[in-house]
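Visitor: Using the sequences plus the hints, can you model the full thing?
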Amino acid sequence: MKYTTFNQQNVNQLDEPMFFGNPVNVARYDQQKHSIFEKLIEKQISFFWRPEEVDVSRDQVDFQKLTESEKHIFISNLKYQTLLDSVQGRSPNIAFLPIISLPELETWVETWSFFETIHSRSYTHILRNLFTDPSSIFEDIVVNDEIKRRATDISKYYDDLIYATQLWQTQGEGVYTNDGEAYPVNMRELKKKLYLCMNSVNALEAIRFYVSFACTFAFAERELMEGNSKIIRLIARDENLHLTSTQHILNLWAKGKDDPEMAEIAEECADEAKAIFMKAVEQEKQWAEYLFQHGSMIGLNKEILCQYVEYIANQRMAVIGMGQPYDVTSNPLPWMNNYLISDNVQVAPQESEISSYLVGQIDSSVSEDDFADFEL
Amino acid sequence: MADDNTYRIDIVDTGTVTALPDKTLLESLESHNIDVQYHCREGFCGACRTKLIEGSVDYNTDPLAFIDDDEILPCCCVAKSDIKIQID
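Those sequence lines, one after another, are chains A and C.
Residue numbering for the first sequence follows numbering that gives the first Met the number 0, starting at 0 and increasing by one per position.
Residue numbering for the second sequence follows numbering that gives the first Met the number 0, starting at 0 and increasing by one per position.
Rather than coming from a laboratory, the hints here were simulated on the basis of the structure.
Quick caveat: nothing in here was measured; it's all calculated off a predicted structure.
Glycine residues also receive a C-beta, built at the ideal position from the N, C-alpha and C atoms.
Hints are supplied without guarantee of correctness; some may be wrong.
The following label-pair restraints were derived from C-beta to C-beta distances [said to hold, decoys possible]: (1) V16/C with D326/A: 52 to 60 Å; (2) E180/A with T13/C: 51 to 59 Å; (3) G14/C with F137/A: 52 to 60 Å.
With a cut-off of at most 20 Å between alpha-carbon atoms, the simulated EDC-like pairs for lysine to aspartate or glutamate come out as follows [claimed, not checked]: (4) K256/A with E70/C; (5) K38/A with E41/C; (6) K78/A with E225/A.
Guide: Following this line, the structure appears as structure tokens:
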């Protein structure tokens with residue numbers, strides 16, 4: 000079906016599924032099929048922040064004090080995070096927008112992606128402060144084997160869905176051959192690709208950032224690289240919200256509250272989806288090994304980081320009905336929670352770095368009691 | 000209900016504690032040194048997801064995180080009756 004930027008057919012948006020229904024026409028938010036996405040948009044916008052507001056200049060002095068192995072940990076994490084947000088800043092838009100049928104979901108995806116671009120911009124802000132010319136760091140992202148291996152797994156499901164959607168929207172259903180490879184395109188295949196892609200994105204938001212986050216906050220626990228830590232806290236807060244959105248999408252499907260065919264596919268592809276999640280967990284643990292290959296850092300080692308990854312994987316898999324496959328019951332890094340509290344991120348407006356922009360602060364309701372102590 | 004208008008929180012395999020007035024369920028549990036995982040403390044991340052077996056709660060903030068029908072987010076709710084919960 001050909002994509003149109005303004006579908007002139009009159010469709011009842013409340014009857015549409017999240018994906019693969021009619022293209023969205025009027026961007027209206029007074030009514031929602033799934034109100035959660037409207038709430039997520041509002042929450043995300045209230046989190047708006049700019050990297051430049053965070054002063055990272057003192058990190059330069061701290062960085063010089065780090066050991067070589069700690070520098071390797073710090074810079075490698077930034078490279079990996081740059082890769083993740085490079086993908087997330089564009090892919091939800093390109094993969095999901097052409098097939099979304101609800102205005103609130105469409106705008107949520109755009110808002111989500113926009114925030115990923117803020118994250119990307121903040122990595123440049125951090126690196127520019129540490130190096131006169133950060134080119135070699137950025138250039139290594141596309142040649143570093145450890146990062147490339149992860150990039151393949153992250154982008155593959157997006158790329159598959161995007162290509163199949165392009166074939167479907169330009170040529171319709173059928174089997175197409177390109178470079179000797181056959182691509183069957185039909186609605187069931189498209190929906191399967193969408194389901195696997197959403198699971199891969201969910202795993203990315205749930206797991207793939209957390210080894211890097213733990214390292215950043217471990218530096219902050221030693222009062223090192225605190226500007227960087229402030230930025231990563233803001234990023235972690237956003238990522239938590241993005242994860243909530245993919246968990247909602249997967250559960251709406253699985254519980255039959257959206258497209259009934261997606262509920263069938265969720266059951267059919269349950270093992271494959273679980274394997275995607277667990278591969279992300281394995282890769283994140285291997286990342287810890289790569290980080291600590293030249294030596295660990297105070298307060299963290301490979302074993303404890305791997306346990307932490309398994310601990311949060313258990314929680315995040317349970318939310319989407321995947322059970323708790325790992326044998327870790329208590330949080331091995333309890334101090335991490337302090338860095339993930341939303342409140343701790345906000346600062347008072349009189350402080351120099353304003354990071355929280357609250358919306359709807361005007362209270363327009365006035366009751367008679369408000370004048371109780373008022374005398375003429 | 001306990002004598003002083005406060006509710007009891009029965010935690011499976013742990014024991015019974017009293018809900019503190021004007022505190023979220025999470026804060027009440029923490030004041031009794033009961034560990035509950037948390038991140039955002041604002042209802043949008045879902046890290047504190049807990050099973051509610053009996054009783055009911057009221058939310059001070061609309062919970063955005065995904066929770067199942069039998070689950071609650073202690074970080075943004077208060078007990079509305081005596082409750083029984085299970086912390087994983």
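Visitor: State for each hint whether it applies.
Guide: How the hints compare with the structure:
no. : hint                          : in the structure
1   : V16/C with D326/A: 52 to 60 Å : violated (29 Å)
2   : E180/A with T13/C: 51 to 59 Å : holds (57 Å)
3   : G14/C with F137/A: 52 to 60 Å : holds (55 Å)
4   : K256/A with E70/C             : holds (18 Å)
5   : K38/A with E41/C              : holds (13 Å)
6   : K78/A with E225/A             : holds (18 Å)
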